[in-house]
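Given the coordinates of chain S, work out where chain C should sit on it, guided by the hints.
If you read the sequences in order, they're chains S and C.
Take the first sequence: its letter number 387 is residue 387 in our numbering, and every next letter is one higher.
Take the second sequence: its letter number 168 is residue 570 in our numbering, and every next letter is one higher.
Quick caveat, the hints were computed from the structure, so don't treat them as lab data.
Because the structure is a prediction, the values reported are computed rather than measured.
Check before you lean on any hint, since a few could be wrong.
[As the list claims (entries may be wrong)] Below 30 Å or equal to it, Euclidean Cα-Cα: the simulated BS3-like pairs (lysine-lysine) are:
| hint | chain 1 | residue 1 | chain 2 | residue 2 |
| --- | --- | --- | --- | --- |
| 1 | C | K542 | C | K623 |
| 2 | C | K527 | S | K125 |
| 3 | S | K184 | C | K586 |
| 4 | C | K586 | S | K272 |
| 5 | C | K776 | C | K746 |
| 6 | S | K341 | S | K370 |
| 7 | S | K125 | C | K550 |
| 8 | C | K674 | S | K184 |
| 9 | C | K527 | S | K148 |
| 10 | S | K184 | C | K688 |
| 11 | S | K341 | S | K223 |
| 12 | C | K623 | C | K743 |
| 13 | S | K184 | S | K148 |
Protein chains: 2
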Amino acid sequence: MKKLKWFSMLFGTVVLLSLPIISEGQDNQARQPQAPVPARQMVRRIVSPEILPDNKVTFRIYAPHTTSVAISGEWMNNAAPRENMARNDTGLWSVTLGPLPAEFYGYNFILDGVTVLDPSNAQIKRDGVRNASVLLVPGKESDFYAVKDIPHGTLSKVWYESLSLNLTRRMYIYTPPGYESDTKTMYPVLYLLHGGGGDEDAWTTLGRAHYILDNLISLGKVKPMIIVMPNGNANQTSALGDSPVLPVPEVRPANAPAAVPVTGRFEESLVKDIVPYIESHYRVLKDKNNRAIAGLSMGGGHTQRITLTNPDLFAYIGIFSAGARNVTDELENQFKVLKSKNPKLYWVGCGVSDPLAYQGSQNLAALLKKLEFKYSFRETPGGHTWANWRIYLSEMAPVLFK
Amino acid sequence: MKKLKWFSMLFGTVVLLSLPIISEGQDNQARQPQAPVPARQMVRRIVSPEILPDNKVTFRIYAPHTTSVAISGEWMNNAAPRENMARNDTGLWSVTLGPLPAEFYGYNFILDGVTVLDPSNAQIKRDGVRNASVLLVPGKESDFYAVKDIPHGTLSKVWYESLSLNLTRRMYIYTPPGYESDTKTMYPVLYLLHGGGGDEDAWTTLGRAHYILDNLISLGKVKPMIIVMPNGNANQTSALGDSPVLPVPEVRPANAPAAVPVTGRFEESLVKDIVPYIESHYRVLKDKNNRAIAGLSMGGGHTQRITLTNPDLFAYIGIFSAGARNVTDELENQFKVLKSKNPKLYWVGCGVSDPLAYQGSQNLAALLKKLEFKYSFRETPGGHTWANWRIYLSEMAPVLFK
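The following block holds chain S by itself, in its conformation from the complex:
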């Protein structure tokens, strides 16, 4: 098996040029090596996904003994998001879809009803406890988070003591290009919070926050800043597999509305543990006007509560796909206090088709309007999606620290 794999990998690229689509794929990888055969017959590489010049995409899987093969992708907005794939006479299934809009998508194959990843695509994203194969369709709309040949910031996985949660926990920290080379410049900080079902990995793997900032910094559109991406689940040390507790995934509601009751413990730990850690370990500006906070969904709820209970801490506040389920007198009074502190930005973004957060965002906007609290409201098409959250980060970041 090892030798077969080696041969096939060694000759794969070369022969691929003349025979881009070969039958006989995954099946053979698990078989024992047979007697030597010519190299051309030993090639097993299936190209999937293949992005065509017009952004149509061909997906392929070799599954000669499977009865039905379908694909489900994040670009499918219909109620039953799947497309059947067609089998050729060798057992290679394929479908060409699109042209697809330029976007970063997840997709899965469905083999006789079982949802699996694309075996030919090494690129995967994990969203909580679910994985999907990924596809970046290039173009104008996905350009702001594409990886480019420009200076890149450093992405670090940093462990810190949370005294308030009594845990050693992990966060991701983005430091902009130049941070490590220079020893004098002080930077502003954006605290960026994920949603329910997510963890400290989400804003980079799914949100591509580091590449969004690299690109905006390179274009001179944002002030270079540090981004801190903590784990918002108060009882978790870190993402699945990097946690010292046994790796039994805790199942959480992926699309829970922001108003689901939470204990406030993460919010407390951000203020008591995370901000002090950052301000004692990084070259950062330590005043309110150089601190921003934003979060999506559950993280939007975190952001709202943190800033209402600590109105002197952040001058820039972003609420993505969250809001206020119930506008109580207490909430109104808290916003009055926050308004009196004159934050420089209260940025609210929501998709018009977001069943979880649209009404809450409207409630929040109505309250802010009533209080004559200056805010920005950004409506986008679509729903409770990373496509929207990437846009919100890219639009809010340029307004920060100005």
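Below, chain C alone, put in the same frame as chain S:
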């Protein structure tokens, strides 16, 4: 679909306690929501893998319309590494294997001949262009790289300019616990190189180098050190998906012997670009006695060539599962020069069942013996595997910088 997912995730954990194995799994995830049904019937969570108290492991997949289901795992050493799974009358397939030795394993399911990941297991490792589901069987033998509730170092993804390769490239850097808190301590550095088919991600995702060091540091068995893990493929900027070139995976021989011809360009760039970058950006000790280098397979070849052509640079040298295919006069002369520089450690490790490197390691050892060049030779059971490379790192690190 979104709502169904949310309900099932919300109620999953609770009901799971009474009904750990439920039929109807992945199939339903792609269906449209039906009329509301009681919560117990909406639970779809399959537990796989389930590690039993005696380290037997049960694997499960719900695949009612699949004709044959098998599993292939890295613990299987026979020629045809797969075990069939059995179907129950609901369409849930399962098999209980082991007890398995304590180890970090990859495995795949094979559905009617198609190799896929375990859909119920969110944890994945990528080895070059291939993914596998992962399983950490706890016990004495895997304890040295388990994640523990101890201080953890920082793992950073750092981009640097390689003038010799004319690329902006990425490397991973481990800084030990305390590095960021203290501003005075200077650290020694280990440069740690991956093998063919790998990239800068390999030594952490597959080798668990950061957790090995965390554990050894916590036990006081090693001197706290910085570990630098570059990308050893001279024409690559970074791992798949994080590279500004289009994401067409370059296929490389995963198990290529170390003696496959290479150009020496990566070796040159390590000396000219990477070492100077580290020594100008990190608090490191900049003398030979505080520099170590080790690599596996292709990276063992890199290590050998770098240290032979720069005999004054590193006092500690590790060659894992590599060696000398041909012992030429030139090689012998180079080793004579290196010997004259009195390196403190020349550490050679190889698996006795490694068809790719065992003879080369023997050739190298014979040459060193002939030259009366002091070296360590560590033979382990098994082959060209990460199980061995994790052991070699854990055994070499305590000998460094003493």
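Status of the hints after comparison with the structure:
1. K542(C) x K623(C): Status holds; Cα separation ~17 Å.
2. K527(C) x K125(S): It holds: about 12 Å lies between the C-alpha atoms, which stays within 30 Å.
3. K184(S) x K586(C): holds, 17 Å
4. K586(C) x K272(S): Between K586(C) and K272(S) the Cα gap is close to 26 Å, so the pair holds against 30 Å.
5. K776(C) x K746(C): Distance of about 9 Å is within 30 Å: holds.
6. K341(S) x K370(S): Holds - the C-alpha atoms of K370(S) and K341(S) are around 17 Å apart, at most 30 Å.
7. K125(S) x K550(C): Roughly 25 Å between the alpha carbons, so the hint for K125(S) and K550(C) holds.
8. K674(C) x K184(S): Holds, at about 26 Å.
9. K527(C) x K148(S): Holds, because 25 Å separates the two Cα atoms, which is no more than 30 Å.
10. K184(S) x K688(C): Answer holds: K184(S) to K688(C) is near 23 Å, not above 30 Å.
11. K341(S) x K223(S): holds, 23 Å
12. K623(C) x K743(C): holds, 27 Å
13. K184(S) x K148(S): Status holds; Cα separation ~27 Å.
Of the numbered hints given earlier, the model fails none.
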